[in-house]
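Undergrad: The primary structure of each chain is shown beneath.
Protein chains: 2
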Amino acid sequence: MKKTDYTDEDRKFMQLVIKLAKKGQGKVSPNPMVGCVIVKNGKILSTGYHKYFGGPHAEVEALKKCKNPKDATMYVNLEPCCHYNKKTPPCVPQIINSGIKKVVIATKDPNPAVGGKGIRQLKVKGVKCKVSVMEKEAKKLNETYIKYIKTKTPFVILKMAYSLDGKTKTESGDSKWLSSEKSRETVHQLRSRTDAILVGINTVLKDNPKLTSHGKGKNPVRVILDTGLKIPFSTNVLNGKSKTIIATSINSNRVKKEKLKKMGIGIIELPLKNNFLDIKKLLVKLGKMSISSLIVEGGETVAKSFLKEKLVDKIMFFICPKIINSTEYVKNAADVKNISVEKIEEDFLFEGYLNV
Amino acid sequence: MKKTDYTDEDRKFMQLVIKLAKKGQGKVSPNPMVGCVIVKNGKILSTGYHKYFGGPHAEVEALKKCKNPKDATMYVNLEPCCHYNKKTPPCVPQIINSGIKKVVIATKDPNPAVGGKGIRQLKVKGVKCKVSVMEKEAKKLNETYIKYIKTKTPFVILKMAYSLDGKTKTESGDSKWLSSEKSRETVHQLRSRTDAILVGINTVLKDNPKLTSHGKGKNPVRVILDTGLKIPFSTNVLNGKSKTIIATSINSNRVKKEKLKKMGIGIIELPLKNNFLDIKKLLVKLGKMSISSLIVEGGETVAKSFLKEKLVDKIMFFICPKIINSTEYVKNAADVKNISVEKIEEDFLFEGYLNV
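Line order of the protein sequences matches chains G and V.
Offset between the first sequence (1-based) and my numbering: plus 82.
Offset between the second sequence (1-based) and my numbering: plus 82.
Bound-form chain G, shown alone (with noise of 0.2 Å):
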């Protein structure tokens, strides 16, 4: 569909929609942020989200709001579901039982089971249907349902922070901190909607990270990749704050992780694949725990075999205004004033100063 297609008010209702549908995030996982607004003559008869896994839909919400929902029109972000054998009944039959006319959707339900036959069942009982309205925006904001719904595997987010003449530590290893408070924070609540949050085993052992929302929202589940099981019993990923997973080798030590085991720390087994765990096989085992999306906060080994086994999804890259070169601690590391940036076709130049 052309963007022309649909009018000011579609994409009126529709912005309100995605909007509902984002008071869902963190809370929703691993079922997509829904939005609904049931419309009459230009005026919204109700609204409702999807607010809680295993919580009603946003359709059936918005519906049991609304006093005369009939020959009203019905926008939702996501095509409503059909199918059964889930928490809660389908949302199509209460769509066409409830009299609305007209349902304007933003994108196809990804979802095997659903793909393109709510519409379908919509469209045989006289309801109309008008697809497409803001699909990207509304892919977007659940582009780790799609992933997961289709795949059955983590949406995986790589998480770097880099200077300007790209480094992520200084020679001497420090990397603390690159990047500003505001960008930590924004880190911070970044996990609190990611089910899970995985490191190596060497960024444990240096940093001693919490790997939490730091009180910005809920916990992510921590994942340690330590094929060799060298993680210390005092260490603050296992402090029981929030669940943890061990991913290591089939042949670490076993009484050791019958011991972390009895400490309800979760321990994957993994083949080795060139010397490394086989990660994409842990990405499945994720998955199967219900995990859809995941985020990879380093070190630069585990970054650098998400990517050579192609299994990021999405980058967010903080690069940050310092030329470290070969100064030993970030904190004396040559600032660049008065940056500027400007997009040059697909490259991005940054201009600034030294020793201003």
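Hints are computed from structural coordinates only; laboratory data are not their basis.
Keep in mind that the hints are not guaranteed to be accurate.
Below, a list of computed lysine-lysine pairs in the BS3-like style, where the Cα atoms sit at most 30 Å apart [unchecked claim]:
(1) G:Lys425 <-> V:Lys425
(2) V:Lys419 <-> G:Lys105
(3) V:Lys94 <-> G:Lys425
(4) G:Lys362 <-> V:Lys251
Go by the hints and put chain V onto chain G.
TA: Here is chain V on its own, set in the frame of chain G:
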């Protein structure tokens, strides 16, 4: 001066002055770019700019074309000159004699021979002066001149191209082409308005570059850092298409030096400092040759030395939407799609997608 201290009219005319000044870009070095507008009752009487090194100053150009400058206001981006001992007579006496009532100036002349004296002389003779109108823009326009006139060494621009994951080349050394065609064109344009360009001998040996402006304007002087005088006689930078200077160790092959000199190649002999040519001394020597601006274009060893010695004034970093990671050739690097950039405090957050 606060921004509010100048009027919309001041801003309008000073913008025109800066636009005129820019017409001299690449032609007036090591002089500053200067534009001038003469205005009476809000109407432009005449305009001028400094067209070429040794040519008349902008103020004189504008006065020459102005029929009746009496009681008019002159706008000029740099304080008018008052000193002798240079190619053209000073502007201040000519402004005073013309009957101009007021001079609006963007920035004082950092040249110690002027440095406020021009303004003082105007005031003594009853010409009003308003200084610091659009000072920031005017200083940026003449950043090269300002550095050079104060230090007698060139303004150094470090130009680099990085992949999003901070690489300048693949592990096997391939770097063709990280940046887009348009970005490379931007660099050629930059070369045409810069006095000199510098690379290390390894870049010459590996890429055999021409280091010209590729038809975009005048060619910069080519400066090659070549400690051991390894340069082959057949290489492109010795093609005579533009001036080339080789900076080499005092101890390198004397016979080869003489042969190169006979070919018209400049030879600068330098002592070593930490096994690297003393580039601080090189900048002093280049400054003496009226080279007021220098682009350092790599490779990495050269860039590192300039950064380490804190000799870089400005960076121009092209960040290209590719992930090189462990790819062997740049052309096989993963493209990052649908990139968005958001400023978070002083950091830049790049988001983008792989496998789409």
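Undergrad: Next, verify each hint and record whether it holds.
TA: Each hint tested on the structure:
1. G:Lys425 <-> V:Lys425: 14 Å, holds
2. V:Lys419 <-> G:Lys105: Holds, at roughly 27 Å.
3. V:Lys94 <-> G:Lys425: Since the Cα atoms of V:Lys94 and G:Lys425 sit roughly 27 Å apart, the hinted pair holds (cutoff 30 Å).
4. G:Lys362 <-> V:Lys251: Distance ~28 Å between G:Lys362 and V:Lys251 Cα, so the pair holds.
Checked against the numbered hints given earlier, the structure satisfies every one of them.
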